[in-house]
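With chain W fixed as given, assemble chain S onto it according to the hints.
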Amino acid sequence: MKKDFLITLSFAILILALGFFWYYGTGADVHIADMTAPPVGVGSRGQLEIMLQNNGSEPVDVWLEVENAFVDENGESYSTSRMIISNESESLWSAELVSLQKPVKLLPGNNTVSVMLGYKLPGEYEVEVKVSEDSRPLDKASLVVEVPPPELLLELEYEKERMGSSDVYGIYGYLINHGLSSARDVSTNLTVINERTGKTAFTSSRTYYVRDNDKSALWAWSDYPYAIVEIGNGKPSGESYMPVQNVVIGGSEDRFRINVTSTWQDQVVSAELLLPPGEEAGDAYD
Amino acid sequence: MRMIKRYELLSCGKAKLLVLFILLAGTCAGCLGQDPLEARVEKLVRGLGDEDPSISCASVEGLVDIGEPAVDSLIKALKDDDPQVRSLAAHALGEIRAQKAAPPLLEILDDPSLEVRMNASYSLGLIGDTKAVEPLIKLLEDEDEKVVRYTVIALGRLGDPRAVEPLAEILDSDKDDVRREVMYSLAEIGDPRAVDPLLDLLADEKLGPSAATILGSFKSEQVFGELTALLDSRNPTTRTNAVAALRGYRNPETVPFLLEMLDDRVPEVRRGAAYCLGHFEPEEAAPAEQPLINALGDKEPEVQEAAACSLGRIGSKEAVPPLEELLQDKNQNLRVAAVKALGDIGDPGAVDSLISLLEDEAWLVRSEIVHSLVEIGDLRAIDPLISLLGDESYRVRRSAAVGLGKLGDERAVSPLLMALETERERDVRVAEVRALGELGGPEAVEGLRRISTDMDEYRNVRTAAEEILEKIEDDGEANASSLSSSSSSL
Chain W
0 MKKDFLITLS FAILILALGF FWYYGTGADV HIADMTAPPV GVGSRGQLEI
50 MLQNNGSEPV DVWLEVENAF VDENGESYST SRMIISNESE SLWSAELVSL
100 QKPVKLLPGN NTVSVMLGYK LPGEYEVEVK VSEDSRPLDK ASLVVEVPPP
150 ELLLELEYEK ERMGSSDVYG IYGYLINHGL SSARDVSTNL TVINERTGKT
200 AFTSSRTYYV RDNDKSALWA WSDYPYAIVE IGNGKPSGES YMPVQNVVIG
250 GSEDRFRINV TSTWQDQVVS AELLLPPGEE AGDAYD
Chain S
0 MRMIKRYELL SCGKAKLLVL FILLAGTCAG CLGQDPLEAR VEKLVRGLGD
50 EDPSISCASV EGLVDIGEPA VDSLIKALKD DDPQVRSLAA HALGEIRAQK
100 AAPPLLEILD DPSLEVRMNA SYSLGLIGDT KAVEPLIKLL EDEDEKVVRY
150 TVIALGRLGD PRAVEPLAEI LDSDKDDVRR EVMYSLAEIG DPRAVDPLLD
200 LLADEKLGPS AATILGSFKS EQVFGELTAL LDSRNPTTRT NAVAALRGYR
250 NPETVPFLLE MLDDRVPEVR RGAAYCLGHF EPEEAAPAEQ PLINALGDKE
300 PEVQEAAACS LGRIGSKEAV PPLEELLQDK NQNLRVAAVK ALGDIGDPGA
350 VDSLISLLED EAWLVRSEIV HSLVEIGDLR AIDPLISLLG DESYRVRRSA
400 AVGLGKLGDE RAVSPLLMAL ETERERDVRV AEVRALGELG GPEAVEGLRR
450 ISTDMDEYRN VRTAAEEILE KIEDDGEANA SSLSSSSSSL
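So the sequences go chain by chain: W and S.
Sequential numbering of the first sequence, starting at 0, is according to numbering that gives the first Met the number 0.
Sequential numbering of the second sequence, starting at 0, is according to numbering that gives the first Met the number 0.
The following block holds chain W by itself, in its conformation from the complex (with noise of 0.2 Å):
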């Protein structure tokens, strides 16, 4: 008995060693010789560059996984061996990038890849990068991207016109972004408060989206300003202002604090105008 259990113990450590050296033993001198990111915008391509190191005097196709390559709008990260990428549909997929869905070929010395990356949401992400041979993992390595977030501020002016006995205020506002990243559905407020009564005398909602490095303008028709506020000296002037949908319209003795407010996440900015401008005010502030 002993002897069989002697000889069905050699036999398994056999087979396990046989299967170690299978699996560890008989893959391609492959490594990552270096990884670089460019920081990427929060909805933006990003594309990490892998330089991979072939030693070996043939060339071998070596399978890549980049795990937490990419996250969505509700933070859970994707590692490209479960995102479906092809590097030959014209649309979003450019040419440069490999394709997951088949082996990258290594020619013998240093062969740079890249792949591409994508975040919903600004932060640092740690990408683990594998290669493997078949099935053996030859290497793997790590980089921090970062995904920084936008900058948003507000900008207001106004131009003045007199139309018959009234002075007609046309209210230009941008949402500019100074950062990386584009933001989307940027809420954006208009309240306007008589100062005479206290009273909030408009309000007016609408979502915007600024590229990085970009500004939108607040106003929705080419040539027309955002809001109008018509100070009235005598009998209104009748005007419907279409299409201006922010319309003010008061009397000689109101005075109007025209704020505007955007929210992205947790960024809040804003820009105030007092009109007509008194000594205080008459231009815009942040």
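None of these hints come from the bench; they were simulated from the model.
Fair warning: there could be bad hints in the mix.
Pulled from the structure, derived: some chain S residues nowhere near chain W, Cβ distances all over 10 Å [said to hold, decoys possible]:
| no. | residue |
| --- | --- |
| 1 | PRO35 |
| 2 | ASP81 |
| 3 | GLU204 |
| 4 | GLY224 |
| 5 | PRO251 |
| 6 | VAL254 |
| 7 | VAL265 |
| 8 | PRO266 |
| 9 | ASN330 |
| 10 | GLU391 |
| 11 | GLU469 |
| 12 | ASP474 |
Calculated lysine to any residue pairs in the SDA-like style (CA-CA distance at most 25 Å, straight line) [said to hold, decoys possible]:
| no. | chain 1 | residue 1 | chain 2 | residue 2 |
| --- | --- | --- | --- | --- |
| 13 | W | LYS101 | S | VAL59 |
| 14 | W | LYS101 | S | SER55 |
| 15 | S | LYS205 | S | GLY224 |
| 16 | S | LYS329 | S | VAL364 |
| 17 | W | LYS101 | W | PRO148 |
| 18 | W | LYS101 | S | LYS42 |
| 19 | S | LYS218 | S | PRO165 |
| 20 | W | LYS104 | S | LYS42 |
| 21 | W | LYS159 | S | ARG425 |
| 22 | S | LYS329 | S | TRP362 |
| 23 | S | LYS42 | W | GLU132 |
| 24 | W | LYS159 | S | GLU420 |
| 25 | W | LYS198 | W | ARG254 |
| 26 | W | LYS101 | S | PRO35 |
| 27 | W | LYS104 | S | ILE375 |
| 28 | W | LYS139 | S | LYS42 |
| 29 | W | LYS101 | S | GLU94 |
| 30 | W | LYS129 | S | GLU37 |
| 31 | W | LYS101 | S | GLY46 |
| 32 | S | LYS42 | W | ARG254 |
All values reported here derive from a predicted model rather than from experimental measurement.
For glycine and all other residues, C-beta sits at the position ideal for the given N, C-alpha and C.
Just chain S now, kept in the frame of chain W:
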């Protein structure tokens, strides 16, 4: 002895465990040894049946990306129980253009799911195997309109003349989308037997214009003869569409026929003929010049408009005075047509009348005047165009900026820079920046540098300035290197 030992080994309980272990190890090794590409294909094929359309569609893309190695699994998937898998597999096989998929695709043309039949027929068209022609002709009788439509497209791609008559029969159906597709497929096949059914369609108010375009592409003497004969048809729709079809021929022999049609009692026919006459070379259209000028006085504005357009195209100098008269017409479209024609003719004599119309209340007219003044290229236009940088319509301001750039007079640099100080509309600012790039010079370059570094500027505007500055720098370097090489050769 050895046999006994083996027997003993297998009879012991631990030995059974060993056998199990070996089997397990073999299975694991088999799993580990499975071709990863095959595993990926299987995963993607499974993805074809996903309820989430973004995953099922992305699976199709992934499989198409893999291409040939995915074909066998996709062919297998044509027999899947899930119609979505069968349908998407059929679609992917077509996109891969997998020749060996044609026979299995033919087998599923009678699938109970209409999506499967639709994708199978369409893919057979993409694969291009003519063995599919007869089965696809049979599928034209399918009860579902979409299946028929995709089959028509597939037959057009296959280009086999056997499909002409069955396709022509469908032209009598009441389904306009299918009939339209049949016309395009007949055109793709290009068989002369398609001519008669298409000629009949010229009387059709909905499909006649498309039939005319297709007939215009046949370019055969027989069709030409048939079309000229149809100009005498009693049906005005047929006459209108026959005129439109003749436009495709651009044959000078058409001119006398078209001139006759300028006197047709139906305005659509006169308009078509007037418009068509503008598609000839000026010398070929010479006999049409006076009749077209006469047509400027037609009682129908649409005919006048077409005549003005054609006179502009053939560059008729004789037409300038009557076109100038049309600038005062009440009809805005007619004023636009006259302005455009004067620009096409390019006679500097028309500049003053065009400038005098810059107060026109319609932005379209003002914008078109800018284009025409730029076409004529007379520098008298510079000052009026500078004034238009302050026009109330952003479209006119944009046209004026573009025009100033094209005219290339440096007097416009300062006004453009001034306009950039107050202009709010992004597209106009881009046009102004580009105009500065066209004009060049130190003042323009300085202004462009300022804009290219202003982080409160619209990104498009900043990028336009950056690109222009880069180009100016590159040109400067190229000039410097060509100068140094020429001086060294001296």
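Hints that the structure is at odds with (numbers, increasing) = Of the numbered hints, 1, 10, 17, 27, 32 do not hold.
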